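Listed here are the chains, written in short residue letters.
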Amino acid sequence: MSAQPVIPDYGDPSACVARDATFCTDWFGDHWWNLFWPALVQHLELTLIAVVAGFVLAVVAAVLCHHKSWLAAPVSGVTSFLYTVPPLALFQLLVPVTGFSVLTVETALVLYSLYLLFTTILTGLREVPEDAVRAARGMGLTRWQILTKVELRLAVPSLISGLRVTTVMTIGIVAIAAYVVDQGLGSLILKALQSPFNTQFIGAGALAVALALAADGVLVLAGRLLTPWARTRRAA
Amino acid sequence: MTQAGPETPAGAQDIVFDHVVKTYPNATVPAVDDLSLTVPAGEICVLLGPSGSGKTTALMMVNRLAEITGGDIRIGGRSILDLDPIRLRRSIGYVIQQTGLFPHLTIAENVATVPKVLGWDKKRLRERVGELLELVGLPAGEYGRRYPAQLSGGQRQRVGIARALAADPPVMLMDEPFGALDPITREHVQDEFLALHARIRKTVIFVSHDIDEAVKMGDRIAIFREGGKLAQYDTPRTLLKEPADAFVARFVGADRGLKRLTLTRLADLADAGALTPARDADAALPQLAADASLRSALSLMVAEGTDAVRVTEPRGPADGSDGTGPVLGVASLDAVRKAGAA
Ligand SMILES: Nc1ncnc2c1ncn2[C@@H]1O[C@H](COP(=O)(O)OP(=O)(O)OP(=O)(O)O)[C@@H](O)[C@H]1O
Ligand SMILES: [Mg+2]
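Protein sequence lines, in the order shown, are assigned to chains A and B. Each residue of the first sequence is one higher than the last, beginning at 1 in full-length UniProt numbering. Each residue of the second sequence is one higher than the last, beginning at 1 in full-length UniProt numbering.
Any given hint could be a false lead.
[As the list claims (entries may be wrong)] Here are a few chain B residues that face chain A, going by a calculated C-beta distance under 7 Å:
no.: 1; residue: Asn63
no.: 2; residue: Ser79
no.: 3; residue: Gly100
no.: 4; residue: Pro103
no.: 5; residue: Val114
no.: 6; residue: Tyr143
no.: 7; residue: Arg145
no.: 8; residue: Tyr147
no.: 9; residue: Thr264
[Unchecked claim] Cβ pair distances, simulated, as ranges:
no.: 10; chain 1: B; residue 1: Pro50; chain 2: A; residue 2: Pro86; range: 53 to 61 Å
no.: 11; chain 1: A; residue 1: Glu127; chain 2: B; residue 2: Gly77; range: 40 to 48 Å
no.: 12; chain 1: B; residue 1: Lys123; chain 2: A; residue 2: Leu226; range: 21 to 29 Å
no.: 13; chain 1: A; residue 1: Val52; chain 2: B; residue 2: Pro85; range: 30 to 38 Å
no.: 14; chain 1: B; residue 1: Pro85; chain 2: A; residue 2: Gly99; range: 37 to 45 Å
no.: 15; chain 1: B; residue 1: Thr28; chain 2: A; residue 2: Leu88; range: 22 to 30 Å
Bear in mind the hints are in silico, worked out from the structure with no lab data behind them. Quick caveat: nothing in here was measured; it's all calculated off a predicted structure. Where a beta carbon is used, it is the ideal one built from N, C-alpha and C, also for glycine.
Let the sequences and hints guide you as you build the complete structure.
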């Protein structure tokens, strides 16, 4: 990627490019494999790593706070504070520590994701019917079994809704991460900002939107598959 | 189930509360105060009392959802304190008011919960689930794959009972299991549970705050008063006849005489030879099947303005006719009154 010139190499300009049209489908198609596709994959990778890591951390934190309720207030305070720091400022703060690296980007993204994930997961755990938990305890399920077979399963709708907002938000912030690392759709956009040629800018932007919509759709679908009982309730 | 008389219930165990005290952390007064009683193996013991009198606490101490702070509880002679709480709970059936069914699991999966964590193999699991759902009248073929939200309240309650019975526990704890049901459904489920209990003879502790339910379901009733103290522990008959004090008398109600009539059926009068032979002149009397209670008989006499009812053989389920059975005799008001006072 770093070998990519800042101003795109037009090669032999097509009619569309020569006209400097708003969007040149042929140029987009010609550069799909060398430009857009790699950036899209990187974008997805950056997002996935951040969301998965954030999700694991948030689940652990929410489970701990669910059991030790005095922990909830401080954890919630810290995560919501992190959430209020503007993304660029957070990158800026981390660069002196971890440099212009993927680690900096992922760290910031994870710190961002925590608040929404933690809040929705904890809410989900707290909304598990008390009856179901008492029955599970009374039947002799262990703490771990209650957590994995009852509480987290019943919290799935909340987990999914948390993941949906967080994933869409993270896909957006990854675009800004191009200021730190030359990766993802953001870097295409950033470079195109300095050029009068708009196809790269519009193409990358549209791909980011499409990625967010697709990820959201996948999560909705996953939620449906994981909660067959919820549909019957609505029908009942 | 092999043939087991009520005397020697197969696999049932007695439950002994031995000076049990429960004081919750930060509470100044105990929730259960010096409770001593014995539930004989295979019997249903109803814990009855006003709200906050410690019934649920007493129940939850048996499966150690609440730890006792004084005294001891023994099941089949073994102190519950010597057992690992998880293993103890897996050997005790537990049914609660709103059923506590897992909404995310199907009926079959709900029922299979405990056998599954006990590591039963698939085949045995499936057989057991089928057997239990059959037992509570919800055939697995039709209901097994539904979710709890797709059942009626009464059906959910029956699944709760099937689930509690899954690992064939010798003891069952039921905390107001039918409290959320409408009166008609409740009667139904009560009858079903009694019929079921006659077959499986578990030792059951049953929390209720409905005296009628207690009289109907209980072999014995423990009445609690505020402060978690046991006011009286007796059979329904004795409790209604000889309340230990004013509190119990008030709790069982001024109509305790009528309630006592529910404990005796016309068939019992017939067995005791207390019916007079029916004469032709009695043909005009109102008529009642022998499986009705004395209370129903009395009610009928009051309603019809007579001083006797004709007692007929209960209609057999096999013969399929709508008509009533042969007349057994006539129960007079006097005979009902005498039997009620006995
Ligand atoms: N977890 C708890 N911590 C502290 N006190 C409790 C707890 N659970 C119950 N209590 C108290 O113990 C007493 C007995 O409560 P319990 O739930 O056993 O009553 P109950 O007879 O089942 O009442 P109800 O008919 O309303 O269900 C009450 O005063 C209640 O406030
Ligand atoms: Mg209670």
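ask   = For the hint on Val114 of chain B, does the least C-beta distance to chain A fall short of 7 Å?
value = Check passed: Cβ of Val114 of chain B comes within 5 Å of chain A, closer than 7 Å.
request  = With a cut-off of 7 Å on the beta carbons, see whether Arg145 of chain B makes it to chain A.
outcome  = violated, 10 Å
request  = Given the range 53 to 61 Å, decide if the beta-carbon distance of Pro50 of chain B to Pro86 of chain A lies inside it.
outcome  = holds, 59 Å
key: Interface hint status, Thr264 of chain B versus chain A (Cβ within 7 Å)   = violated, 36 Å
key: Beta-carbon spacing of Val52 of chain A to Pro85 of chain B - inside the hinted bounds 30 to 38 Å or not   = holds, 36 Å
request  = Tell me if Asn63 of chain B is really an interface residue toward chain A, meaning its C-beta lies closer than 7 Å to one of theirs.
outcome  = holds, 6 Å
query = Hint check: is the beta carbon of Gly100 of chain B less than 7 Å from a beta carbon of chain A?
reply = holds, 3 Å
query = Holds or violated: 22 to 30 Å for the Cβ distance of Thr28 of chain B and Leu88 of chain A?
reply = violated, 57 Å
ask   = Holds or violated: 40 to 48 Å for the Cβ distance of Glu127 of chain A and Gly77 of chain B?
value = holds, 43 Å
task = Kindly confirm whether 21 to 29 Å is satisfied by the beta carbon distance between Lys123 of chain B and Leu226 of chain A.
result = Roughly 28 Å apart at Cβ, these two residues keep to the hinted range, so it holds.
When the least beta-carbon distance from Ser79 of chain B to chain A is tested against 7 Å, hint result = Cβ of Ser79 of chain B sits 18 Å from chain A, so the hint is violated.
query = Quick one, is the Tyr147 of chain B hint okay against chain A at 7 Å, beta carbons?
reply = holds, 4 Å
The structure fails to meet hints 2, 6, 7, 9, 14, 15 from the earlier list, while all remaining hints are met.
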